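Enquirer: Chains as they are written, first to last, in this note's numbering: chain F, 9 to 415; chain U, 139 to 460.
Any given hint could turn out to be false.
[As the list claims (entries may be wrong)] Chain F regions said to be covered by chain U (calculated; three or more residues, Cβ under 8 Å):
(1) 204-216
(2) 219-231
[Said to hold, decoys possible] With the Cβ distance kept under 7 Å, some of the chain U side facing chain F (calculated, not the full set):
(3) 189
(4) 217
(5) 224
(6) 225
(7) 236
(8) 426
[As the list claims (entries may be wrong)] No farther apart than 27 Å at their CA atoms in a straight line, the calculated lysine-lysine pairs in the DSSO-like style are these:
(9) U:249 - F:224
(10) U:249 - F:27
(11) U:274 - U:318
Since the hints were derived computationally from the structure, they do not count as laboratory data. Just so it is clear, the structure is predicted and the values come from calculations on it, not from any experiment. Where a beta carbon is used, it is the ideal one built from N, C-alpha and C, also for glycine.
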Amino acid sequence: MTGWLVIAKREFLERVRTKWFAITTAIGPIFMIALLVVPVLLARLGGTTKLAVVDHSGQMADSLRRTLPASDWEITIRTDDPTEASLLAEIRDKKIDGFLVIPKDALEQGEIVYQGDNATAQVPMAKLQFAVMISRMGAIKHLSPEDIAKLLSVNFSTKHTTGEAASASGGATFALGYIVMFILYLAIVLYGVNVMRSVVTEKTSRVVELMIAATKPRALMLGKIVGVGAVGVVQILAWFAMAIALIVFREPILGLFGLHGGINLPPLSMTDGVVILVDFVLGYFFYASLYAAVGAMVSSDQEAQQAQTPITMLLVLTIICVQLVANDPRATGPAILTLVPFSSPILMPMRWLLGGATGMDVALSFSILAASTWLVAMASARIFRVGILMYGKRPSMRELGRWLRYR
Amino acid sequence: MSTAVSISGVTKRFADHVAVDSISFEVPRGVVYGVLGPNGAGKSTTLRMINDIIAPDGGTIRILDTLAPGRDAAPKIGYLPEERGLYPKMRVAEMIAFMGELRGMSARDAKARAGAWLERLGLSKWARNKVQDLSKGMQQKVQFAACAIHDPELLILDEPWSGLDPINAEVLRDVVAEQKKAGRTILFSTHQMEQAEKICDEVCIIARGKKVLEGGLVELKRAAQKDGLVAIGFADDQARAKAAAVIADRSIVAAERPPRHGDTADMEVELAPGATVDGLLAALVGAGASVRRFEVVVPTLHQIFVDRVGAENAIVAERSPS
Chain F
9 MTGWLVIAKR EFLERVRTKW FAITTAIGPI FMIALLVVPV LLARLGGTTK LAVVDHSGQM
69 ADSLRRTLPA SDWEITIRTD DPTEASLLAE IRDKKIDGFL VIPKDALEQG EIVYQGDNAT
129 AQVPMAKLQF AVMISRMGAI KHLSPEDIAK LLSVNFSTKH TTGEAASASG GATFALGYIV
189 MFILYLAIVL YGVNVMRSVV TEKTSRVVEL MIAATKPRAL MLGKIVGVGA VGVVQILAWF
249 AMAIALIVFR EPILGLFGLH GGINLPPLSM TDGVVILVDF VLGYFFYASL YAAVGAMVSS
309 DQEAQQAQTP ITMLLVLTII CVQLVANDPR ATGPAILTLV PFSSPILMPM RWLLGGATGM
369 DVALSFSILA ASTWLVAMAS ARIFRVGILM YGKRPSMREL GRWLRYR
Chain U
139 MSTAVSISGV TKRFADHVAV DSISFEVPRG VVYGVLGPNG AGKSTTLRMI NDIIAPDGGT
199 IRILDTLAPG RDAAPKIGYL PEERGLYPKM RVAEMIAFMG ELRGMSARDA KARAGAWLER
259 LGLSKWARNK VQDLSKGMQQ KVQFAACAIH DPELLILDEP WSGLDPINAE VLRDVVAEQK
319 KAGRTILFST HQMEQAEKIC DEVCIIARGK KVLEGGLVEL KRAAQKDGLV AIGFADDQAR
379 AKAAAVIADR SIVAAERPPR HGDTADMEVE LAPGATVDGL LAALVGAGAS VRRFEVVVPT
439 LHQIFVDRVG AENAIVAERS PS
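With these hints in hand, go ahead and build the complete structure from the sequences.
Expert: Okay, here's the thing in structure tokens:
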């Protein structure tokens, strides 16, 4: 067997046999179950809002009470005409959470104002606004809130399709894209850092000279990246297998927590799987090479923590941009982000799953990523070769430049 | 002649100093060869170049007559670096087998040989323990097994005695002797002349990156011995008094000095030019001085080293900052 394979085998076996591997592999699904259960659970939790309604128009309060569900809203209709100051005092004293003031001219264009300590809560405020709209509409058109609710209950849903596979619900596709992106990010960071630590161990245990005498630095670096990466592939496959099982047995699992519903994830096609896997492998190689070079530059774990900051910045930058892809996967921003090599491996699968990318886009993204991964790996190998035998002070940028040019 | 290692004109420069300055020497097959010198002389750098850990700036290195350092030579070399290190969390037997595989053995062979080595070193029951569970002495043994598991034709040991207690130093000398018997070549470096003296066949002394002296241990000693130094121990004070006239005779004895620290002789004398060891002994016997010890002092390697390198150089351990 060639040197790098022997090294890869050792790195793989030593990791797969540890508790760390068993624990992280097991935690994955627990995390996924949490992803499935917690939103459903939380949606049921949200406490009731104590709402005081001051209706100067005299036509909306009753309708409001009938529209807002009593489980979430505890409504008192105030006829004592309280002043704003006294209502504010009640909020301070926690007697109410907020108050809604409906002016006399509310049915024309008078401003209806809600003030409360939960005014920034998106969902309750949206519900309140909706209830106000229905009540006002009912008052103007002389309809009961129940009639309006009937009028509004259209059976409408969004289905996501690229014109190929059977379509799935838009929300679910979005969730899947998010989960895949997150797993990729997590795996690349987890295993990239693992490679770095493995290289640092090589130096702190002083075993490196033995290794370099028996094989080349390049083989050592390649072996470490492949060995740790293989652990990653095994773990991700295990996670995906468990995720599929979770989706299939979603109802029974939710049932255990006394719940039902939750996110209905669409199935992954073969092509989706390939895109995810290629992006993981290339992205991992890209980042692991960088991490390996950092590991070779430093002499201790503590130093490594500091020296890896530039790589962390690239990853954080990528995560900040996730929202851009999520909002509109077809826009120019995401198109650029999925071509740039440091963000493309994490964002491309998401954009692809959300239907923002064509096969050509993916091919172009892969080509750029593959080419830059190769370049990064070559440069890292040069830094690695020199750095791995150095102890002491971390190299300056100028020294790094010199290392890159060494024969 | 077939050589295990042949080095000619090898030079290595670091940022601001020359670590190895055009050094040449040849290690014949089947000998124990010591590269001796003070700290910072360039010993480790030389051995690292033979192992292709660093590349020389000039000169050529050939291993087993034809091989350049690197991929082809690696399976035939066993290397014990000065910086000892093992993977602390790896199981002992697997660690040794891993090094064997890295040097080109099959997984199955490596496993079998690792077991055999552990048995030989008396560490069998530790085979499944982690390296970090072992004492330092045991780790040294494991280190040696890891370096020799693939039965290399050439063993390169960098400062093998550093950090070894006397008992383990003895074990190491035995293993080296055994390897030599099996026809292997052992090339090692050390600054501990006493250790080198006990096992070397040939030596090369280097200082400040340059070769100072090279040759067989016996020849070197013989060459250094010609000045004629004799250690004498008298039976009693009476004998010593009787010998006084002989010792004072400047046609026989050129100079007299007290014995070395810890030596059981009473004095050391330097023969006068033209005088012989036989003549001195005859004169002493003739004077009726009974002698309990009469020995031609053979210079130790350390003395040769100090003489040739200079006392100052021998002590200097400075490595210029790099």
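Enquirer: Look at each hint and say if it fits the structure.
Expert: Outcome of the hint check:
no.: 1; hint: 204-216; result: holds (count 5)
no.: 2; hint: 219-231; result: holds (count 6)
no.: 3; hint: 189; result: holds (4 Å)
no.: 4; hint: 217; result: holds (4 Å)
no.: 5; hint: 224; result: holds (6 Å)
no.: 6; hint: 225; result: holds (6 Å)
no.: 7; hint: 236; result: holds (6 Å)
no.: 8; hint: 426; result: violated (64 Å)
no.: 9; hint: U:249 - F:224; result: holds (23 Å)
no.: 10; hint: U:249 - F:27; result: holds (25 Å)
no.: 11; hint: U:274 - U:318; result: holds (26 Å)
In the structure shown, a violation is registered for the earlier hint numbered 8 alone.
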